[in-house]
Each structure stands twice: as structure tokens, then as C-alpha cells.
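Asker: In case you want the letters, here they are:
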Amino acid sequence: MKERDLIKRSINRNMPNIDEVRNSCIAQNAGISNSNSNTRGGLGKKRHVSAVVFVVAILVAAAVLSNVLPSASTYLSDGKPVGIDDTIDRTNKDVPPSDPMESVYFNQMTDEPMSDSKLYFDPEKTYEEMLTLAQVWKYLGRDIRPKHLPNGMNAATAQSDEPHYRMIYHNDGSVAWDQFHFIYSESFEGYDPLHKTLRITVSKTTAKSDLLYVWSEDMNESKINGTEMKIGARKMSFGPYTDHQPAGYYDLFIAEFGFRGVDYQVVGENLSKEEFIETLSSMVE
Amino acid sequence: MVGRNAKALFHEIYDSTNRKVLVYITAKCSNTADIIDIFQETYMELYSVIAKRGENYIENKEAFVMKLARQKVSRYYSLLDRLKAVLPLAYPSRDGEEFDRSGLDIHSFSVEDNIVNEALIEQVNTFLSSKPEVIKKIFYLFYQMELTIPEIATHLSMSESNVKNRLYRTLKELRKLYQ
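Sequences listed follow chains A and B, in order.
Using the numbering used here, read the first sequence as starting at 1 and increasing by one per residue.
Using the numbering used here, read the second sequence as starting at 1 and increasing by one per residue.
Derived by calculation from the structure, the hints in this document are not laboratory data.
None of the values given here were measured: they were computed from a predicted structure.
Be aware that one or more of the hints could be misleading.
[Said to hold, decoys possible] With a straight-line Cα cutoff of 35 Å, these simulated DSBU-like cross-link-like pairs (lysine-lysine) come out:
id, chain 1, residue 1, chain 2, residue 2
1, B, Lys-164, A, Lys-125
2, A, Lys-204, B, Lys-20
3, A, Lys-8, B, Lys-131
4, B, Lys-172, A, Lys-8
5, B, Lys-61, A, Lys-8
6, A, Lys-230, A, Lys-138
7, B, Lys-20, B, Lys-164
8, B, Lys-131, B, Lys-164
9, B, Lys-176, A, Lys-2
10, A, Lys-2, B, Lys-131
11, B, Lys-20, A, Lys-235
12, B, Lys-20, B, Lys-52
13, A, Lys-8, B, Lys-7
14, B, Lys-164, A, Lys-8
Chain A on its own, in the form it takes in the complex (with noise of 0.2 Å):
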């Protein structure tokens, strides 16, 4: 028997069953209705459905930010509050908040794919370098990292002066990924979806991030130190699964905005409103 062959056998043990999974499949969804089927695309309904679900969401964002975060506001220099106005009926997009330089939009995130992926890069016509993190700063302009974090979180040790932020270029010079990654969280030992994490990716070039999250089509910007931003909350289930149940959920922020010519994506785990908009704040200063 050739080694290879037994091998795949002993692997072959953990990985899964072509035909059972697709059984599996076919038979645990057997009940659900196709009566949506005639909507050709759903865009309209999905319009319709998208409405009803940011109104849900400012609604239920007005009500949370009004009482449960009353000092969620942070504040500029100057001592105006950044952030939450809870006297602005939100629900009606076509009237401004009192200040439109200041306010801040929770919007519920959809839960659909997206349908195109762009991080794959041909090793025949691209290749990589790995820079230092101050040629990262160089190549940026300036260093991103927040002057503000939540209390207890440390960045990762990753942001040591190591060659490893990975640039892609086509074979002509250009840059044809520029994305670079910043960790922080409120501890590095094992395994926990509780802990307190923020990843700040950035770019120079065209967003071509590989993103999971998809905004709704009805979403508010919103605007901390004048710089508009799309902000978005919901939840994440974590693992381990059992019976394709969750073992819990947690809460998981995104802010996309431009600032100084870098585009940034900003994703907080387990942070509180609060401490996500002061993070956020500190970055465009």
C-alpha cells in the first residue's frame, strides 16, 4: 500500500463526507418554502425590507443611546460633545441632526453576502514585499494608530519593527494591495470570542478588502471631528457549535471612513458604544 494512500485514509477521518453533507443538507432544509422563488432577484421587496429594518435599527439605537449610554458622548477640544444627540428623532432621515458636524448612527448590519471576491493575486503577474512599520508610516503619511483605546487593551505584538506588513505589487511598480492590519486587544493568551478586540485595517488604494460585512442600502453616515463615517453594529455567534447552535453571541462594531487620504475600516468586538466612538474620535483628530 503506498504511504500517500494510507495517509488520506487516516486523514480522510476529519474531513468531511461529500455525500453525507449534501444529504444533510437537502434533508435539514427539506421544510423551508420556496414561496419567495417568484421574486426575481427580490430586489424590491429586499428595498422594502431594508427600509423597515433601518427604521428598527435607529429606533432601537435612539432608544439605547438615550438611556443606557446618557454620557456616551466624547468631546473635542473645545468641549463640544461628539456623538450621541438623543433630543433628534432619527427616524426621519430628511431632517438633519442639530449639529450635522456631530452625530453618530448605529445602523443595523445585513446579514447577505457579498457576491465577488478581489484577494487573489496572480504570483505570475504580481509580487510581494514586506515592510517595516516605519515604512509603513512613510508610505501612509503618517502613523494611524488611535491616540485612544479602551482601558486594559495592548496592541499586538505585531506591531514590532519586524519586516511582516505585506505589500503586493503588479510586475509594473503599481501597488496592487496595500492593506495593512492593527491588532489590539485586551489580552493575547488563548482563546476567548469575550475578549475585548479592535482591528484597524488600513489602505491607500481602492478598498479591495475581502469584507464580511455588508452595509444595508438605507444606512445613515455619520460624522465624529467633522469626518463622515459608516457605522455599523450586530451581532456575531461564536463556536463551539453544537447542533449548528451557537455557544453565544457577542457584540461586533465597524466604522469605513476616509481620513488624510487613507481609507480605514475599524472593527471593535466586545467594546461598548461608548468606548468604540472614543476610539474612533482619537483617530480623527
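Got chain A sorted already, so can you dock chain B onto it with the hints?
Answerer: Leaving out everything else, chain B in the frame of chain A:
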């Protein structure tokens, strides 16, 4: 009931994508023990989408399934956990320590038939289970998914020599079980 066309579409997409999805999940998961669950959840979701939204909802089938797989991998682990798996730091390079591969023919080495039995298969399984996740991934991708060394290197963001060294080192250890 789910329409016959929906089932047919599911079969079509499943047949055309399951290998690529399995490679992706194997490469990106934080723990190879989760591969079966993540794989199944990906296709459960696919079937659910087809059943609820109709056969015309999905435009680019492969891209849609791959996106589902990414979502499932993402939700299975915390963000930090996931990033640890992809950061180059997670796989310290051993490129400088080229492993002596003489006598380790990876493609034609045979094990005596009379000692190949369920117990040996179990032994190999136990041995591989004790190895770091990155080595398990290399073995899964090389032996199960039959990827080449360069392909594995690309999927795991490692150098080819790093993949080779880990593969051959582990093979050398493994052969002590049946030599």
C-alpha cells in the same frame, strides 16, 4: 416544499464548488477539528438561500459559495483568533534550516500490506492530531486535497521551502510508526 429546480441547482453548485470550499476552509480555519462543521454550515446556508430566495437569486455561484465559506470561517472564530492564523508571525520561517530530504521519497514510498490495518490508520491519525495546526493543514491539503507544494504555500501564506520542510520532517517522524 423546496422545488425540484432548487435541489438541482444545489447539486450543481455543490458538485462544482465543494473541493474549492474545502481547500479554503482547511487553509483558513484556526482548528482543523472544525473543518467538518464549517463545511457543513456553509452548504446548509447555501441550500437555505436557494430555498428561500429562489433559483435566480445567485448570479455568480462560485463567488457566492466562497463568500458564504468566508462568513462561516469568520463567525466560527473571534477576529483576533482568525488573524493569528493568517499573520506571517504565526508561521515562523524556517527557511534557513533546509531539511535533509534524502531518502524521503514522498510519492512512491510503500508500506508493507501486512501491517496496514485499522490500528495503523488510527495510529497515523493520532500522530497527526498531535501536531501543530499548520502541519495538519499541510497534510490535509497535500494528501487529502492533493494540492501541490506551491499551491499549499500560497494558501497558507508560507514559503515553499517552509511547507516542504514541515512536510518532510513530519513524514520522517511518521515513518517510525511503520518502519
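Asker: Run every hint past the structure and note whether it holds.
Answerer: Each hint tested on the structure:
1. Under the criterion of a C-alpha separation no larger than 35 Å, the hint pairing Lys-164(B) with Lys-125(A) is consistent with the structure, at around 24 Å.
2. The straight-line distance between the Cα atoms of Lys-204(A) and Lys-20(B) is roughly 31 Å, inside the 35 Å bound, and the hint therefore holds.
3. A C-alpha spacing of about 16 Å is found between Lys-8(A) and Lys-131(B), which places the hinted pair at or below 35 Å, so the restraint holds.
4. With a C-alpha separation of about 17 Å, the suggested pairing of Lys-172(B) with Lys-8(A) holds against the 35 Å cut-off.
5. Among the hinted pairs, Lys-61(B) with Lys-8(A) is consistent with the structure: their alpha-carbon atoms are about 29 Å apart, no more than 35 Å.
6. At roughly 27 Å between alpha-carbon atoms, Lys-230(A) and Lys-138(A) fall within 35 Å of each other, so this suggested pair holds.
7. As the CA atoms of Lys-20(B) and Lys-164(B) are separated by approximately 22 Å, the hinted pair is consistent with the 35 Å bound.
8. Taking the CA atoms of Lys-131(B) and Lys-164(B), the gap is near 16 Å; set against the 35 Å cutoff, the hint holds.
9. Among the hinted pairs, Lys-176(B) with Lys-2(A) is consistent with the structure: their alpha-carbon atoms are about 16 Å apart, no more than 35 Å.
10. Distance restraint check for Lys-2(A) and Lys-131(B): the Cα-Cα separation of roughly 22 Å lies within the 35 Å cut-off, and the hinted pair is therefore satisfied.
11. Of the supplied pair hints, the one linking Lys-20(B) and Lys-235(A) holds, its CA atoms being roughly 28 Å apart against a limit of 35 Å.
12. About 24 Å separates the Cα atoms of Lys-20(B) and Lys-52(B), which keeps this hinted pair within 35 Å; it holds.
13. A hinted pair counts as satisfied when its Cα atoms are at most 35 Å apart, and Lys-8(A) with Lys-7(B) qualifies at roughly 31 Å.
14. At roughly 18 Å between alpha-carbon atoms, Lys-164(B) and Lys-8(A) fall within 35 Å of each other, so this suggested pair holds.
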